[in-house]
Amino acid sequence: DTGVSQNPRHKITKRGQNVTFRCDPISEHNRLYWYRQTLGQGPEFLTYFQNEAQLEKSRLLSDRFSAERPKGSFSTLEIQRTEQGDSAMYLCASNTGFSTDTQYFGPGTRLTVL
Amino acid sequence: AQSVTQPDIHITVSEGASLELRCNYSYGATPYLFWYVQSPGQGLQLLLKYFSGDTLVQGIKGFEAEFKRSQSSFNLRKPSVHWSDAAEYFCAVGHTGTASKLTFGTGTRLQVTL
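Residue numbers (the working numbering), protein chains in the order written: chain A, 1 to 114; chain B, 1001 to 1114.
No lab work stands behind these hints, which were simulated from the structure alone.
The hints are all genuine.
Taking beta-carbon pairs under 10 Å as the criterion, some of the chain A residues facing chain B (in silico):
1) S58
2) T102
3) F105
4) P107
Below, a sample of chain A positions facing chain B; criterion: calculated Cβ distance under 7 Å:
5) Q41
6) G42
7) P43
8) F45
9) T100
10) G106
Glycine included, each C-beta is placed from N, C-alpha and C at the ideal position.
Whenever a hint applies, use it, and build me the whole structure from the sequences.
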């Protein structure tokens, strides 16, 4: 069991640049979630996928954010024209899709926008 | 709207002392409740969860939590804290619809003194 992996672990970028993060869920997990965690706060839901379909997006996910899960396996989260307010930890989680199933979290990608 | 309140931002206990972390939730239906722990540089790890049945649930690392519907609470307890328990603890409510996304509290940082 390799767990949920995320790359890169850290990303420093300048304001206005585009960044892309990758999440590899636990194999055979149908559901994949993205959360954002800012300093001193709990994680906040951004979006989730059932296989390759993106089924819900939070209002936190502005037009500059896009997420994909093209083959129902790994997922990418892209932020265009980054702003300093985007600085946060981006967490990915996966599970089998049953509502009672545990979500397993990756270590996160810490984004710093200068 | 669903919400989770963790009233204690920071708690300090001596090693060997008992611990109780408070969590109150607001949710329209029977909630699914979780406690996660986050250590520096680590992802969120599930300690325990409650869906139904016995209101006292046992988790890993000697933790337990009690669901009290009348108080809308799901407090986490441990009879004897170890120095390695120092971390950030998050209570979360799971949405029982198709999304099963999690709403987290703001967390309680636990410091353990020797």
